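Asks: Each chain, letter by letter, is given below.
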Amino acid sequence: MDIIKTEHLTKNFKDLTAVNNISFTVQKGEIFGFLGPNGAGKTTTIKMLTTLLHPTNGTAEIAGHDIINKRDDVRKSIGVVFQEPALDTELTGVENLDFHARMYGISKKRRGERINEVFELVDLTDKKDVLVKNYSGGMKRRLEIARGLMHFPKVLFLDEPTLGLDAQTRQAIWKYIKKMNSEEKTTIFLTTHYMDEADNLCNRVGIIDHGKILVMDSIRNLKQSIGNDVITLSSTDNQKLLTELKKKDWVKKTETYDDYLTLGVQQGDEKIPIIIERAQKLDIKIKSISVRQPTLDDVFISYTGRTMRDEETKNATVPPRFKRGR
Amino acid sequence: MKNLEIQAIYVMWLRQMKRFVRSKSRLVVSIIQPLFFLLILGSGFNQFQLADIGNIDYRSFLAPGIITMAIVFSSMFTGISVLWDKQFGFLQEVLVAPVSRLSIIIGRTLGGASVALVQGFIILLISIFLGIPFPGPLGILLTLLFMIFTAFTAVGFGLIFASKMNDFQSFPIIMNLVMMPLILLSSAFFTVIDTPMLLTIARVNPVFYMVDGLRGSLFGPAYLDSLYVNPPLINLLVVVSLSLITISVGSYSFSKSEA
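Protein sequence lines, in the order shown, are assigned to chains R and H. Residue numbers for the first sequence follow the working numbering, beginning at 111 and rising by one. Residue numbers for the second sequence follow the working numbering, beginning at 3 and rising by one.
If you are wondering where the hints come from, they were derived from the structure by calculation, not from laboratory data. You may find that some hints are simply not true.
What the hints assert, rightly or not - Label pairs and their in silico Cβ distance ranges:
| # | chain 1 | residue 1 | chain 2 | residue 2 | range |
| --- | --- | --- | --- | --- | --- |
| 1 | H | L146 | R | W284 | 43 to 49 Å |
| 2 | H | D169 | R | K138 | 39 to 45 Å |
| 3 | H | D169 | R | D176 | 50 to 56 Å |
| 4 | H | P198 | R | L126 | 57 to 63 Å |
| 5 | R | H164 | H | F136 | 52 to 58 Å |
| 6 | H | F123 | R | N226 | 50 to 56 Å |
| 7 | H | L226 | R | I178 | 56 to 62 Å |
Nothing here was measured: the structure is a model prediction, and the numbers come from that model. The beta carbon of each residue, even a glycine, is placed where N, CA and C say it ideally should be.
Let the hints inform the model, and build the full structure from the sequences given.
Replies: This is the structure in structure tokens:
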């Protein structure tokens, strides 16, 4: 069953098209990820799906309710964790959740039980009566996730759930996200610009860039579309070598960026000697060569021709946190 | 369905009350500052026998003005709390909830007005303790009505202000700039009865009707035309109309700017 279904969803801001005619569906029970650099249109999409922004064109349905005509029904079916914290720091953890529970009309009897339940889910029970201003960044995030789950939403939207958190806290957040997906059967729609996050959490991802969805598939299929292995090399004449290698039918995909050449191949370790041999015949010196399993980053490069990191330095909105693993 | 909206109004109100009670410094300052006016300014001017205000001492004359001032300033800060929520993201949590914008604004208005009224009552009690005449039952009823509708008018005004501004740091500065002349010309500090020009200016000043009305309610009909200008019921009519206008314009412009 499709729990999210968008049709030609578009949002223009003055002369900028933030989201450009996107159509996709998300299945019930999935963890679906929207992957793309900063400024790709991820947050704008979430804001439209959560009824905070009016689409310029197109529409979407969430759990069968239209986001334009049935805003209140949509709001009842969703939970949202925004990119920036949206907690009242002058209230305690319990008070924040109680506020939320009342806003969603949860009965007095259910309220107390549910608050304890979600506190337990994110391991914050011992901090529940502490003022939120005394929480750490990771604790605030966990509290927001707990709050998003309070009213048993059918879909939980998470906008960059681990932005700015340290490695250990990120792992913990991932654990909670998986747990609520399996224990509460909540469908999860998350956005991220961390490849490893999408890799770790999502069943399916959509890669979005400049407001358009470039490709959407399961992570496994996306990686296989590149080849089972990726060879990265650098040589004295990449262009010449590339022309030569393109003739080989075992080379599935090629990309060049910076001083590097990447090839998608089967059984990469057996291909290295062949490549070196060919290069020597053409009088090209290989400076470095390596083989590895494909990552989502390779998928991203193959669809956009750039690394995520290029995109980030270009946009320069946040320091490039993402490092390519070689 | 209806129940959900009432819960939302209640919880918006509750949140503001909790924040107010927890912020001890805000509570203390909001009571001490008006006391400076009453005790220092009031006692200082008490030594002059001001002919115009008859046999009432200056401190008693000043009290209604200071109560009004405290309520107006505190209510208008509801506006800054909205900008604050916007700045720190909490507004989004409120906006994705399945409740109407109207309930959210009603809750916020009631919360802001309640906080202001608590402050106003404390100063009223202190003023009575300091010797302003204790009004009869009708006077008390009118006093309460004036305080309540003054608070609502000012909350609405604060909401209009806040919807036109995005910067919560300049909000108090601009607000002070606008409010100071209105308060000074409202007959809070000196009577305007015998100066035609001041009286004319006062008549277009909304704060004048609040101060004049509160003074009339506290001192009773015997002092009409010597301490205050209009009979309290006329002032009340003006203040109630003002509150209806500012609250509706305030909520309208706010629901527009939020969405």
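Asks: What are the numbers of the hints that this structure violates, sorted from low to high?
Replies: Going through the list in order, the structure violates hints 1, 3 and 6 and respects the others.
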